[in-house]
Amino acid sequence: MKPLNLIALLLFLAGAVWALTRSDRSVREIQTAYFSAISPFLKSGSKLETRAHAFLKETRHSKELETELEATKQQLGRLRIIESRFRALEHENRQLRQALDFKKATQFDVVAARVIRRNPTTWWQTVEIDAGSNRGIGTQLSVLSNDGLVGKIDRLDASGERSTVLLLTDEKCQVSARVEGSPEVGILSGQRGGFDGTPVLRLKFLSPNAAARPGQRVFSTGRGGVFQANVLLGTIDSVEQGALDSEALVRPSVNFANLGAVFVVLSSDS
Amino acid sequence: MIRYSIATIFLLLAAFVLQQFMPAFTGLYDSRILLVQLVFLCCAVTVSQPTMLLLAFIGGFFWDAQCALGPHGGDPEVYTHPVESMRFGYSILLFGGMGFLMQGIQPLFKQGKWQFSAILSGIAVFLYLTAEYTMINFVRGDIVVNRPTLLQMAFTALLTMLFSPLIFWLLFNVANTCDHSINPQAVKKRKRAPR
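Protein sequences appear in the order of chains E and R. Sequential numbering of the first sequence, starting at 1, is according to this note's numbering. Sequential numbering of the second sequence, starting at 1, is according to this note's numbering.
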């Protein structure tokens, strides 16, 4: 080997070792510097993706839209009936609250945001949203949609206008969860290699003879300091009983393929 | 030579910017065109070993800066089995390994047979993804191999490889602009050939 090549190889290995021994904090600093450098490009990139997404939505087949319209009309009629019933219940609820001097148990302070980039990395399930530290968002805050838990904030952009959400479908996003109507508590997370469009979550560390069955809903427990309690996570698909513990496969309540608007929970008084 | 080496560094940095505009193909198992890796692989076969190692360091370092996830952050008493992440910097070694693989067929490239390098770039991307996925499995303590993951890796390698002729064309143009020959033997052969 030529001396110059040997020196280059040694320098390369020294550089690799230096990078591999960086602490979490310095990695975050490196990431912040990197993303602030490419921030202008990211902005235009996400704009392009949003436009492409809107264009694809617009160009959907007209027949599909007609069917959708018909279904929406039926849904509207059904919702009108429900709404009238809801109004009556709301009125009744107000009267009862006044009578009992009821204090709201849970109140979320949320920030609404739009998904602007999907799956920017190869292996991790993440999306980028158009809200960041400028609007009070910090890391480890939970992100919800109308249907349930979406994930948590993993990284903030240096510009303060964007942040990255680690989705519930990623293996690294763990949530302390409970099965509705049973004492079963476990840890819910995504699965590695779930790229075929139908993500399934895994609820681990249930008791060996877990009293859980398909169709039961799964909610967050609120333990662990990241996610709020009683947020819908999904519905049990099947249960695999083991000698030491059981696992359940859970279908997420959120449609991750069609994620548009999300809400970042800034604080809650639960 | 020096001008060309500097140009390859700028090309690699430009690939990082362009990569931001390349979304995953959801219909093809979330496969994507790995432009950064492709530019690195194509450059690796045209430069000397020290320059290749410098490109590998820059490529791996920035790739990890773009992709690394943060710590879990929850209460360790509740989350007793946190899912491990890859250490920042592992991509530097992967890029280095791929670079050495590409340099293995540098003699063929210098003879003007760039097609072999184009095919090898696809194989190298597949090996890179396989190595990365194997490392994730190793770090997380269990092996999960399924059809969607294999298809994702295969489609990513294939899609990336399809763009390699374009990158080589770009590199030939950059070399011409820098008055540098990246396949000197082929140029000599062409000059010697009777008209």
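If you are wondering where the hints come from, they were derived from the structure by calculation, not from laboratory data. Computed from a prediction, not measured in an experiment: that's the story for all the values here. Ideal placement from N, C-alpha and C gives every residue a C-beta, glycine not left out. One or more hints might be untrue.
Said to hold, decoys possible - Here are a few chain E residues that sit away from chain R, every Cβ distance over 10 Å (derived from the structure):
hint: 1; residue: D24
hint: 2; residue: R28
hint: 3; residue: D154
hint: 4; residue: E171
hint: 5; residue: K172
hint: 6; residue: F205
hint: 7; residue: Q241
As the list claims (entries may be wrong) - Across the chosen pairs, the derived CB separations fall in these ranges:
hint: 8; chain 1: E; residue 1: K2; chain 2: R; residue 2: D75; range: 51 to 61 Å
hint: 9; chain 1: E; residue 1: T121; chain 2: R; residue 2: P82; range: 13 to 23 Å
hint: 10; chain 1: E; residue 1: R25; chain 2: R; residue 2: P107; range: 15 to 25 Å
hint: 11; chain 1: E; residue 1: L13; chain 2: R; residue 2: F172; range: 44 to 54 Å
hint: 12; chain 1: R; residue 1: I6; chain 2: E; residue 2: D245; range: 53 to 63 Å
hint: 13; chain 1: R; residue 1: P82; chain 2: E; residue 2: S26; range: 43 to 53 Å
How the hints compare with the structure:
1. D24: violated, 5 Å
2. R28: Given a closest Cβ separation of 7 Å, the condition is violated.
3. D154: violated, 5 Å
4. E171: violated, 5 Å
5. K172: Per Cβ check, K172/E is inside 10 Å of chain R; nearest 5 Å; violated.
6. F205: violated, 8 Å
7. Q241: Per Cβ check, Q241/E is outside 10 Å of chain R; nearest 19 Å; holds.
8. K2/E / D75/R: 51 to 61 Å: holds, 54 Å
9. T121/E / P82/R: 13 to 23 Å: Cβ of T121/E to Cβ of P82/R: about 19 Å, so the range 13 to 23 Å holds.
10. R25/E / P107/R: 15 to 25 Å: Given about 46 Å between the Cβ atoms, the range is violated.
11. L13/E / F172/R: 44 to 54 Å: violated, 32 Å
12. I6/R / D245/E: 53 to 63 Å: 57 Å Cβ-Cβ, so the 53 to 63 Å window holds.
13. P82/R / S26/E: 43 to 53 Å: violated, 20 Å
Comparing the model with each numbered hint stated earlier shows that hints 1, 2, 3, 4, 5, 6, 10, 11 and 13 do not hold.
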